[in-house]
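J.: As a plain string of letters, each chain reads:
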Amino acid sequence: MAAPRGPAMMMEKEKRSRPMRVLLRSMFGYLGQFKRIIFGAAILSILATIFLAVDPLVLSWGIDLVMEPGTDLNNILILGALFTGLKVTSWVLASINTWIMAGAQAGFVRSLQQDVYNKLVKADLSYHHGEQSGDVTSRVTSDTDSLGAGIQIIIELASQILLVIATFTLMWMTSPFVALAALMVVPVVILIMVIFGTVGQRIMLATHRAAGKVSGQIAENLGGVQVAKAFNREKETSSTLGELNEEAYRHGFKFMMLMTLMQPLIRATGIAAVSAILFVGGTLITGSTSTLTLGEVFLGTILIQRFFMPLLILSMNATQFQASLASMDRLMDVLEAEPKVRDSDNASPLKDDSDGIRFENVTFSYLEGSEVLRDVSFTIEPEKMVAIVGHTGAGKSTVASLLSRFYDPQEGNVLIGDQNIKDIKLASLHDSLALIAQEPYLFDGTIYDNIRYACPSASNEEIMELSKMIGAHEFIEVLPAGYDTQLIEEGKNLSAGQIQMISIARTMLADPKILILDEATSRLDAYSESLVQEAQERLFSKRTTIVIAHRLSTIAKASRILVFDHGKLVEQGTNEELLSLGGRYKALYDTYYSHQSASEISEDTMKVAGKEMNKVEKKPGMTSGKTPGKMGGMGSGAMHRQGQGHGK
Amino acid sequence: MVNVNRYKTANDYQLSALRRYPALTVVAVGLALFASLLTTMSSWVLGDAVDELALAVEGDLGLTAGFIQSCWYILGIAGLLFITYIVVGYAFAIITLRWERDARQEFFDVIQKNSMTFHDQVDSKQLLAVAMQDIRWVRFSLNPALRNIIMAIGSLIIASILLAWIDIEAGLFPTLGVIVSIGSPLYLFFAYRYAVAIEPVRRERSEQNEKMTAVSQEVFRGIEVVRAFGTERVEMKKFEKVSKEYQRLLTKEGRLAAFYIPNLILTLTTAVAFIYVANQVMEGMFPIGTLVKAIALLAAVDGFSHMLPRFLLVIRGGHVNAKRIVKILSWEDPMEEPTNPVKKIDWKADIVFENVSFGYTSSDGDVNSYALKDLNFKIPGGSRVALIGGPGGGKTTILKLLLRLYDPSEGRIIIGNTNLNKVHTKDVRDAVGLVEQNVFLFRKSIKGNIAFGRADASDEEIEKAAERAQAAEFIDELEEGYETVIGERGMTLSGGQRQRLAIARTILQDPKILLLDDSASAIDARTEYLLRKALDEVMHDRTSITVTQRLRTLLEADIIIIVDKGKLVAMGKHDELLATSKHYQRIFSHLPEAVSYNSANKGKTGTNSEDIVNEGGGN
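Line order of the protein sequences matches chains E and P. Following our numbering, the numbering of the first sequence begins with 1 at its first residue and continues without gaps. Following our numbering, the numbering of the second sequence begins with 649 at its first residue and continues without gaps.
Source of the hints: derived by calculation from the structure; they are not laboratory data. The reader is advised that the hints may include incorrect statements.
Claimed, not checked - Calculated pairs, DSSO-like style, for lysine-lysine (alpha carbon to alpha carbon, straight line, at most 30 Å):
#1 P/Lys1095 to E/Lys213
#2 P/Lys900 to E/Lys492
#3 P/Lys1092 to P/Lys773
#4 P/Lys885 to E/Lys492
#5 P/Lys656 to P/Lys1092
#6 E/Lys542 to E/Lys513
#7 E/Lys213 to P/Lys971
#8 E/Lys119 to P/Lys1215
#9 P/Lys886 to E/Lys492
#10 P/Lys996 to P/Lys1160
#11 E/Lys119 to P/Lys1095
#12 P/Lys900 to E/Lys35
#13 E/Lys119 to P/Lys886
#14 E/Lys425 to P/Lys889
#15 P/Lys773 to E/Lys122
#16 P/Lys885 to E/Lys119
#17 E/Lys492 to P/Lys1213
#18 P/Lys991 to P/Lys761
#19 E/Lys235 to E/Lys492
#20 E/Lys568 to E/Lys586
#21 E/Lys235 to P/Lys656
#22 E/Lys425 to P/Lys885
#23 P/Lys1160 to E/Lys235
#24 E/Lys122 to P/Lys859
These numbers were taken from a predicted model, which means no experiment stands behind them.
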């Protein structure tokens, strides 16, 4: 007896956006190279079913034969051999089918996974930003699996339907009355289907939701475990979970009882049907005009099971099949979507002499109707460093995203040199241009792996050297396993500053021609930041660079500053020019960059501080050359601030 | 506290549900066996009915009372089976689902209690998976797996006994008994062998599935990095590798199910039994109904045929899950609660670090390097301390040790003559408040988040704390004010807003020692200025340690402590350090505000309050 399919019940019913016909066609279309194999497997499966369908017949002949006086034992032996032969043949055919299908299904699922994955890796970022990463992942993993199950079902479908028809025909041939009596199981099958489709579905969804809440609560509690400890709130978090857990239990109990109800319903119906067939058969056989034999009555009691079970399986599979279609629907969304950002037909690599950046009347919005950049035009000369400043939401990061061609602007053009970036091959663009994002992302893996990400050929020594230069070496060294420390959960054991440092090292190692730093050093302490800047100066001084920053120390060194406000470029110029302009920049400057409370500090302290500052600045060499690894870098950092940086 | 694990072995764990309700378990198992008996009995009665029918046909008696009675018996069995089954299911549901609920709670409570050393080592995604899936699979192993296996094996045994009884009843040598007692063990043996063979493959496959999920999830989370570096091809290759391995395992698992030998054994047993009984019937030893009984009994066993290995597999799998759970539950915490905790501590007294060393434990359980090394300093009670140093210098570690999230590996932390590890963590954390660097907010209302440390706080107190933390202004601007529920992981607020909420949370907690870990880094200058003034009040008459890079905090600190590579570099007041410490001079020279001193000398800088945005974040 086949137990009801678990997974089938787990799927939520969803509205599909495509008609079943389209989905089925594309499902078959996707079978691709596996079409023949799967067709062969289906034939085997049908053959196996045919052999399976007739074996009870042999047993019933046996009974009748035994009843006939004077039957030779040899006849019985022949029937025994026939029964065994049929069963074994069916077993072998079914096994070959299983064997073939296992390979074909896995192959099919894999090729689909890869297609979907590749498509998603290249999908527009707007797609990824609109979806939870977990949902995207389930496209690759569970939806493809569910589709694989769908293919299996289609193959089973043929043999189950065949089994139902063959069995019913056999029964009809035995006696139409027996066949009609067998139909009593049909209402039960319908009842089960209805229960599952209505109450069952509801209970199941509620159970899932309740379990999801428990899971979410545990995830959150684990994320905030340090806070719970720091505030002595373990008891409370535990009891919050307890309540959700209790709720999940109540729903789970209902679901379990529903499932528990199914099994006895099926079993009891099977046995009751035997009783019914027996009664009908008995009535017929004892009747005056009976042509029915005892063997045939027995045949009826076996056939009723063979009729009932495939019907049940078919009804259960229907749910799973619905789920597979829904998966196909979702997968088609992915597979049919053409990324908007892709290489145009006449795309060419970025030319070596293309440098400098130009925005020409660029207008861009993530969502229609709310423009993030409005008619922005500016030019950045090759090899210059330009800073972009502005409040949250001014559109600074969007400039970086457009330049990286994560999106295409709705209006206007972005150019590198004279090449419109829409006509530059994406691979070549990303080889030449690197962005250190505001919220750096580290992969699970070692520190080495992460820094080496964009430059797999870099040696450990090179990585270490670079890390030393930007001042990351010191903290990496003291991690539990140094550079080989495995990062988990996007580097949860590192401070935000440390994560930034690693992402900076990663980008510097990639050695891009154009560099964009989007608040790349915002979480570093001032001193570390100066080391990074110094390294940047050394390695990237002659490259086009955009810095988005809120620190004066960064902005001050830019050759020009672009001030953004509500998506518009409102001012540009050097620090001094903009300050004397007394506009937007000046206001920003006073809010973020200047030491606002200088007046709060006593005059004396100010003087001392100022004096000491001058002293420090006048003696740049005092620390350099002592211990090259540590002090040397620091000393040169101080020097650099005066524009005397060395090592370029 | 060293965790005293209740479960010694995985078996203990897996069976703990049954142990919890011994009486109910006995009843449930008894009834399950009764259900098996009913199932097989229906085949037996069918045979009797056929005998009645044969007699009736032979004697042309029409429908005999005996035959009709048999039909009723079978119907009765169906009804009784229905009820028994439901009772069994209900009992098992109570036993196992309650266990699952409580086991999950227990698991969470235990890991939550574990010190931060544990949480640093173990991926929380993995813990979540264990709490949800592994515990569920252990439950699956009892219900439905164990429940069904009891019924399946029960049916097999009862069917075997009944078959043997056929001969014995007729006073013959129990040939059928011999046939089934050869067939059944072989059948079970091959079913078990299949389960054993497939189990590691299935486990490997599900691990590979996890790996595949991890690979793709990671790429989609870091899609911008992938895009920015143009590494799509590398990532596709990476995925190809894991998915090909998945394909291999999936194929292997599927193929193991082909040529399932127990079915063959059952077929042979049925054929042999058929020939034997048919021959005996022809010899006149048995009535015809016996042949029906034999076939029907074996057909009933056939019904369980595919179920058996599947559930065997779940039981074995549940054992592996139980092992994993027990391993986590029996993690030994290096941090112990004191046996005789000191209750009276003068939290306003001096804080002394005495030769303190500390190393984080890596995921393989080793301490390979030290975050703090032989650290010595003394902070006079009530002073304001500024803590500075490069990344990885040990600043955050010092704060975490003061909160007793960890104990030092060596050395002591003494507050008012009491070694901190002699104080119960609960008391330490009541007295010490930390505003952490990466603010974590819960998915609850702003009110709930601020009152996180003090659930009994009144609305007024909460609003006052928010005001002091300079958070009231932006909270009032929110549509639902203090009732606004913060999105997942607090992502809907800017960095500066979150920091201010965290500060409000700690202000409300009213700790005796206040620790601020770079808590104002994302707050704009004006807000920070207001915040400082508010914190002035809070810090009055209590010891505070602030990790900072703000010049003003340094200037106003009673003591500045500089740490680097886990060691103390220098400590003292700003003026002293500026005069004596090269390290401090260097840091000072790089402070952004220090640079602005120069600008301040050049031109007048004022605050244009009209243009100040209240939202923090600096971006």
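J.: Each hint: holds or not?
T.: Checked hints:
1. Distance restraint check for P/Lys1095 and E/Lys213: the Cα-Cα separation of roughly 21 Å lies within the 30 Å cut-off, and the hinted pair is therefore satisfied.
2. For the hint pairing P/Lys900 with E/Lys492, the CA-to-CA distance comes to about 37 Å; that exceeds 30 Å, so the pair is violated.
3. Using a Cα cut-off of 30 Å, the hinted pair P/Lys1092 and P/Lys773 holds, with the two alpha carbons roughly 21 Å apart.
4. Taking the CA atoms of P/Lys885 and E/Lys492, the gap is near 27 Å; set against the 30 Å cutoff, the hint holds.
5. Only pairs whose Cα atoms come within 30 Å are accepted, and P/Lys656 paired with P/Lys1092 is rejected, the gap being roughly 38 Å.
6. As the CA atoms of E/Lys542 and E/Lys513 are separated by approximately 9 Å, the hinted pair is consistent with the 30 Å bound.
7. Taking the CA atoms of E/Lys213 and P/Lys971, the gap is near 26 Å; set against the 30 Å cutoff, the hint holds.
8. For the given pair, E/Lys119 sits about 51 Å from P/Lys1215 by alpha-carbon distance, which is inconsistent with the 30 Å threshold.
9. Distance restraint check for P/Lys886 and E/Lys492: the Cα-Cα separation of roughly 24 Å lies within the 30 Å cut-off, and the hinted pair is therefore satisfied.
10. In summary, the hint linking P/Lys996 to P/Lys1160 is supported, as the alpha carbons are separated by about 7 Å, within the 30 Å threshold.
11. As the CA atoms of E/Lys119 and P/Lys1095 are separated by approximately 44 Å, the hinted pair breaks the 30 Å bound.
12. Restraint check for P/Lys900 and E/Lys35: the C-alpha separation of about 21 Å stays at or below 30 Å, so the hint holds.
13. For the given pair, E/Lys119 sits about 15 Å from P/Lys886 by alpha-carbon distance, which is consistent with the 30 Å threshold.
14. For the proposed pair E/Lys425 and P/Lys889, the alpha carbon gap of about 27 Å is at most 30 Å, so the pair holds.
15. Of the pairs offered as hints, the one joining P/Lys773 and E/Lys122 holds, with about 27 Å between alpha carbons and a cut-off of 30 Å not exceeded.
16. A distance of roughly 13 Å separates the Cα atoms of P/Lys885 and E/Lys119; the hinted pair therefore holds under the 30 Å criterion.
17. For a cut-off of 30 Å, the pair hint linking E/Lys492 to P/Lys1213 stands: about 20 Å separates their Cα positions.
18. Between the alpha carbons of P/Lys991 and P/Lys761 the distance comes to roughly 21 Å, so the proposed pair stays at or under 30 Å and holds.
19. The suggested pairing of E/Lys235 with E/Lys492 holds, with an alpha-carbon distance near 24 Å, which does not exceed 30 Å.
20. For the hint pairing E/Lys568 with E/Lys586, the CA-to-CA distance comes to about 17 Å; that is within 30 Å, so the pair holds.
21. Annotation: proposed proximity of E/Lys235 to P/Lys656 holds, straight-line Cα distance about 26 Å (limit 30 Å).
22. The hinted pair formed by E/Lys425 and P/Lys885 meets the criterion: a straight-line CA distance of about 21 Å does not exceed 30 Å.
23. As the CA atoms of P/Lys1160 and E/Lys235 are separated by approximately 22 Å, the hinted pair is consistent with the 30 Å bound.
24. Simply put, E/Lys122 and P/Lys859 have alpha-carbon atoms about 21 Å apart, close enough for the 30 Å limit, and the pair holds.
Checked against the numbered hints given earlier, the structure breaks hints 2, 5, 8, 11 and satisfies all the rest.
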